[in-house]
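Peer 1: Single-letter residue listing:
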Amino acid sequence: MPAVSMTVNGKAVTGDVEARTLLVQFLRENLRLTGTHVGCDTSQCGACVVHIDGIAAKSCTTLALQCEGAKVTTIEGLAEPNGPLHPMQEAFRENHGLQCGFCTPGMIMAALDIVRRRGNDLDEHTIREQLDGNICRCTGYHNIVKAIAAGAKAMAKGGAHQAAE
Amino acid sequence: MSATGIGAAVRRKEDLRFITGKGKYTDDVVRPGETRAVFVRSPHAHAKINSIDVSAARKMPGVVDVLTGKDLATDKIGNLICGWMIHSKDGTPMKMAPHPALAADKVCHVGDAVAVVIAETQAQARDAAEKVKVDYQVMPAVVDPGKAKSGPQIHDVAPKNTIYEWSLGDAKAVDAAFALAKHVTKLDIVNNRLVPNAIEPRVALAEYDAGTDQLTLWNTTQNPHVSRLVIAAFVGMAPEHKLRVIAPDVGGGFGSKIFIYPEEVVCLWAARKVGRPVKWTADRSESFVTDAHGRDHVTHAELALDASGKMLAMRVKTIANLGAYMSTFSSSVPTYLYATLLSGQYDIPQIYCEVDAVYTNTVPVDAYRGAGRPEATFVVERLVEVAARQMDIDPADLRKRNFIKSFPHQTPVIMAYDAGDYNASLKKALELADVKGFNKRKRDAARDGKLRGLGYSTYIEACGIAPSQAVGSLGCGVGLWESAEVRVNPTGSVEVLTGTHAHGQGHETTFAQLVSERLGIPFENVSIVHGDTDKVQFGMGTYGSRSGAVGMSAIVKALDKIEAKAKKVAAHMLEAAEGDIEFKDGKFTVAGTDKSAAWGDVSLNAYIAHKFAGQELEPGLKETSFYDPTNFTFPAGCHICEVEVDRDTGKTEIVNWTAVDDFGTVINPMIVEGQVHGGIAQGIGQALLEGAVYDKDGQLVTGSLMDYCMPHAHDLPSFQVGLTETKSPSNPLGIKGCGEAGAIAAPAAVINAITDAIGNEELGMPATAQTVWAALKRGQPRQAA
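Residue numbers (numbering that gives the first Met the number 0), protein chains in the order written: chain A, 0 to 164; chain B, 0 to 784.
It is possible that part of the hints are untrue.
[As the list claims (entries may be wrong)] Once the Cα atoms are required to be at most 25 Å apart in a straight line, the calculated BS3-like pairs of lysine-lysine come out as:
id, chain 1, residue 1, chain 2, residue 2
1, B, Lys399, B, Lys69
2, A, Lys145, B, Lys88
3, B, Lys171, B, Lys88
4, B, Lys69, B, Lys146
5, B, Lys564, B, Lys583
6, A, Lys10, B, Lys23
7, B, Lys146, B, Lys159
8, B, Lys272, B, Lys132
9, B, Lys695, B, Lys105
10, A, Lys70, B, Lys21
11, B, Lys148, B, Lys132
12, B, Lys695, A, Lys10
13, B, Lys21, A, Lys145
14, B, Lys94, B, Lys159
Think of the hints as simulated: they come from the structure by calculation, not from any bench.
Pulled out of the complex, with its shape left as it was, chain B reads as follows (with noise of 0.2 Å):
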């Protein structure tokens, strides 16, 4: 292994702009003769629009232009749409209620745009922003999901606010084995709703060229070029040729950047009317009533097993809140991406799942770190620990006689997992974390009072979202391919364009380190350039712990194509036949001879083209791919959390947190601890301290950092990470993917530890002292057998 090649912790090429304030981020970018854009928000979370009065905030100094739903209905601007289709049980389509950028006729949550002030500076459209006058008629809202169906109706579209109701599974064979089950553990869980809170808040800068009709649109996205797909063929912005979408360095994203919202929309039509850039950056208490909230499921779940523990079968019914509109992906979270991961780590021989997704008066609800399979792994991981507690067998133990042993292996619900070694992770997380020295721990906590837990959660995660085919199948409208461009200069350097984009993970070390070990030059002698359509041919981004597995692929297989190349070229540089060429850490060496051509002498006559005719091969060394996987990835692992409760308080505090992951291949280690340390807090914040309150008004009470309780430094341990390996057949790297998987195991791992330690199951997240101390209080007896 090199010092920079694959496998090394290599520190980030990125680090030096950001530690010395000099990234370039979105709200970073100013353009000559920018404005700014302020929007005028809903406070009701349901109502119609009797009028909206501009008149006053139009006088007020500075301003534009002020813009409404009616104004973006006469330009004829499309709604916002949602790109994967889900049908019910009964065949009939998901219902898509309209989706305008701003709102004309009524709105339906709290922080739902109706206009939008463009002036001079933030200030004065803000000052014109509160002197829009909106003549609202209040009506009920729904905000419960368990309560949607017969709440008000939101959309004309969906009677009893049914999106659809969705199934998988056979359920008279479920039925079937539960007849014959010796053990059946019951849960009803509430996955409660988060808020992603990336620190960077959302910004879109548009501006429009008149001389060539070109729109740019700068912007805060995990994927530019689905965005400008969406807003050019969907929404009929622009052709998509005549918009460019640029995503520079980005704060953060965690899913919520993935989506296409309603203010790019309405800075790229404000910029053109307007005929100067416009500029909208999000303040945070916006962040909190507009960008896609996570989760927000509720759940009843069932686990049949025989006397041994063997599990039978499972049978889940959820109920999913999309919340008010329909986001980008929104149907398919917890669909394909929830119910395909219940049968776990384990051999469970039939699972049947039916999903109800509603509409409710909050905000939409999307992807969210892990999206759809946190929720999965949340049922699956608690039914498992119940289920080990009430039959009185070790939870280790039952996981263990219930894992999946031999693959490739189908399970009950459309998943194929193609590589694994569930009992290796779970081995060595219980060497790591000391089990066996648990109950001495116990005892000692006992003495001082506090009560001492541990619990696990074996997870799995299916990662990449690919092959295209598979999701299309499934109902995506997109392919979830990647693409990758290789460009070797005369000099010997290379730029590699991808289609994936980084907002944190690092991928301009990462993806240099394999380009580097690859052709044998220098890490410094490669650059990655991602985010902005103009230059990258085409990708569909990063959400779903993909770019490795399937960006990287992409670039391998670009790389494949440029050493093909450059063997010709120095074949003819060495006056030897192609086939005897043998590249090798930057050499090209004629076979069983000492004639070689460097690495640089080959780009450079690939450019000059002077030792090859034209028509027998064309000068240059440039390549692309498009690379599509054989199947999802399958990232698994153990997590084992220890936490003391104060009996007095109800206080939890994680004592100890061990993760053992099987990641696949690893490219750079440092940076792969980082996304899983970064996963768990995510996932502790959902257990102990995180969860969006709506007041049955359909005010969100926890709108801002203030309200909601996000993860300090103080509120979380330091993390083991160690790491498992078995290979992703699937693609050529051998990677899994390990941006989600923290976020995915972690919330199990924490309510099976404290509800270890008070003895009592029923118990919510986010799991506050007020919440553990209550269930202390109830003191109620694990649920009978």
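Looking at chain A on its own, in the form it has when it is part of the complex (with noise of 0.2 Å):
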């Protein structure tokens, strides 16, 4: 089997994996970083978002080997072990935008890159139209479009326009 060896969450792993092996069985199976979920076979759902060299992307549908050399970024990277939560992270639990939890992963990384993308002054339309790739079955999107509003709003107060890349 290959090896492949990578950055996540600031850290050097490397890893023996199969030529098919996805980025995130590799994160779930070989990392154990289990906060990166698979909801669906199509790349439709968006639980699976990571980012990779600072841009989101599908981890279900990322080969390991795609990324060799790059960094990842995992739901777990993005505040420090027992340090402050992401200003996105305080705005999902501040506006009850999460339920069951299981989207929210995905939910969060797809909205830093919202921010990354469109600014820290999202309104609600910009918002709905760019959660295209991400679903949610329980909350009905309306306080995931204000947390993802809030939480971009935060980060601009605390100059993070940056996620923990």
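Quick one: dock chain against chain with the hints and give me the complex.
Peer 2: Below you can see the structure in the form of structure tokens.
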């Protein structure tokens, strides 16, 4: 089996993978980073969204080997252990932007990418359109939209437009 | 109201783990030596199995074992069952066909499992599953419930594919009332089949400990004790005390994770056979063809009114598609959860409903958010809206004229409504939605070439699904009470073990709010434990919006006992009579004195037991309760949907949504609003986007998230949510339940709004742009009176 090396949440990691091993499998099974979820098999639901070199990607549709040398950030890498939460994480909690929590890591990672692309002042229409790649079955999106708008604003205040990449 | 007590919008305890990726879902659990299971599934809707050749699969790398339906039968593993008995009009019991966890002789729907491959890795199991050769003899299939009775017979026990022909109400009295009616509204309705699609796919992980002969199942279930009971008592996998079921964090259920499915049975069986843990994780394509679907009714409904618009009678005939096998509670959904709600919020003297349940070569159908009540509400609220339009009466006014105004109210279809104020929720909704300004908005929209419409849904539901005696008399095989255990620790912190299960509802927060308020202790000092049959004494799980009304009531009863015991301890500590001890704000006081003991001191004294003799008072501070309510609860409200339809494309935009609901007592308004939002989204999904489509051969055409249209953020508006309150008199907290309301109310509101906009009542769900456009092109006038 070929070996792959990448940086995940700031740590250098290597592992032996099959050519067909997906990034999400490498994260969940090899590294035991189980915050990244798999909710579908057609790249629709977005529960698996992580950042690869600072850009949101669906880890269920990315081969682990494609990430050779890349910097990968998962939900576990957004806040320092025992440190304060990332403003976007805090905004999801404050605005009740989650219920069962399964889509949440992907939602938060996708939200940060919306901020990266569209800035900190996001209107409702923009957020709804930009969330096309993420599905939530619990919340009806109402509070997710509020959370992302609030999180984006809080990031501007804290000067944290860049997530912990 | 304290900052963390009843009525406070406390932020959720459970969120920290979910927003940091530390949630523990079933697929996140890994056991030493774990193997992976992949199922071989039928590609045909209806076929005989001539033979299965597993020899090539066995030789594949990493394969541990390959098992078939014949092996299952040899080991005498029992069938899956439906736990709610329904009798036909002629008194005969429903025709429950055998449902083996792995099909041995024939397959009855696409996705029916015929074999399982156990291998070292998921990829190896998948590779080997492709090498299993199944020789099928394909047979004709039937998928349309309307054609089921004349289609090829699926099960020997069920001639004409008929499970039951059931009725409720007085047919003769209804006929007599119709004969006197001045106006009759008639509708043909298809309630579209839905796929629940919780974002977490189902998972089962089974482990066998040969040393203790103990089986453990980690499972995505909404009701671990019910799961254990069925797997032990009916499937016969293991005695109940040798089977532990753990439901860790569960990523959404919506009903689909109530049921006992073949995969968990097979994983348990296989784990014992191979002597290693076996895990199965569904992929989404598998979820589509194995998770129980929802709805799927074909209905003809008639409403009789007098000249003034007073409702006289209703007559309903429904064919309910239950799919290829009877799922765990499937029989109750189109009967006692459906026909019993046909009175809606209205005083209707006579109602008669017939329901024929049929088998088809499709995935089994069972409870999905609302379960029967959305179907009933859709029938009632479409009839009322269309009747109003036909009689040229304002739809809100026609509703008001017929609202039930005094309680208790006995409907002609079993239910006895105990409390409500339907005028109050309608009035508030009319104001919030600015219905007065609608005509101006309609004219403005017309100038932009858009058709604006307004639709109401004044819904009612019956929740809690208890008392046990009542559901037992209707055929339910279990009691639907709930249990709780409150453990006060020596340091005064509290664990509550509940038989309910949270999969998004926030019980860890709301239940802790209740305990914090009642005992006067910090919210942080309360933990809620659920989802493990080795920890929780027993429980019926979470569905039917029952966790507040029934589950929290059980906690209240246990807290009553805790207070009574703690007062005894305090009396000894304070050297006073037990009757003189008052408990308030976490402090025990001797009435009329300044002598008091704090909560923590009393807790400690209960355990060190130095101040009283053990013969006089048992040490410890732990109490349990099994609570059965006195009636169902009846949440109700009014949803108003305003739409704009593009007359060129048929595309509908929801421009305003107003929901005013009466859920009785609200513990956490933030969580309640979230439940309403999610329910509305699923209801709008049914009305505008979602529909499971089978082709004539029984292939599920909408078998992935690319083909089945789930609501996305850009499909939905923000929601305006308000509350009114009448307490439920059937439980100590006055809670009615909020989990299903949105999904029950929404579809009728949407379709009423679109049909108002386009002036054509013949509109099916989902009302996609194409469907609406076609209805606009047909341009049929409203049905004549």
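Peer 1: Against this structure, judge whether each hint is valid.
Peer 2: So, going through the hints one by one against the coordinates:
1. B:Lys399 to B:Lys69: violated, 61 Å
2. A:Lys145 to B:Lys88: violated, 52 Å
3. B:Lys171 to B:Lys88: Within the cut-off at roughly 15 Å; holds.
4. B:Lys69 to B:Lys146: Roughly 32 Å between the alpha carbons, so the hint for Lys69 of chain B and Lys146 of chain B is violated.
5. B:Lys564 to B:Lys583: Holds, at about 15 Å.
6. A:Lys10 to B:Lys23: holds, 23 Å
7. B:Lys146 to B:Lys159: Holds: Lys146 of chain B and Lys159 of chain B sit about 10 Å apart, inside 25 Å.
8. B:Lys272 to B:Lys132: Holds, at about 22 Å.
9. B:Lys695 to B:Lys105: At roughly 19 Å apart (the allowed maximum being 25 Å), Lys105 of chain B and Lys695 of chain B satisfy the hint.
10. A:Lys70 to B:Lys21: Holds, at about 21 Å.
11. B:Lys148 to B:Lys132: Cα-Cα ~33 Å, so violated.
12. B:Lys695 to A:Lys10: violated, 54 Å
13. B:Lys21 to A:Lys145: At roughly 23 Å apart (the allowed maximum being 25 Å), Lys145 of chain A and Lys21 of chain B satisfy the hint.
14. B:Lys94 to B:Lys159: Holds: Lys94 of chain B and Lys159 of chain B sit about 11 Å apart, inside 25 Å.
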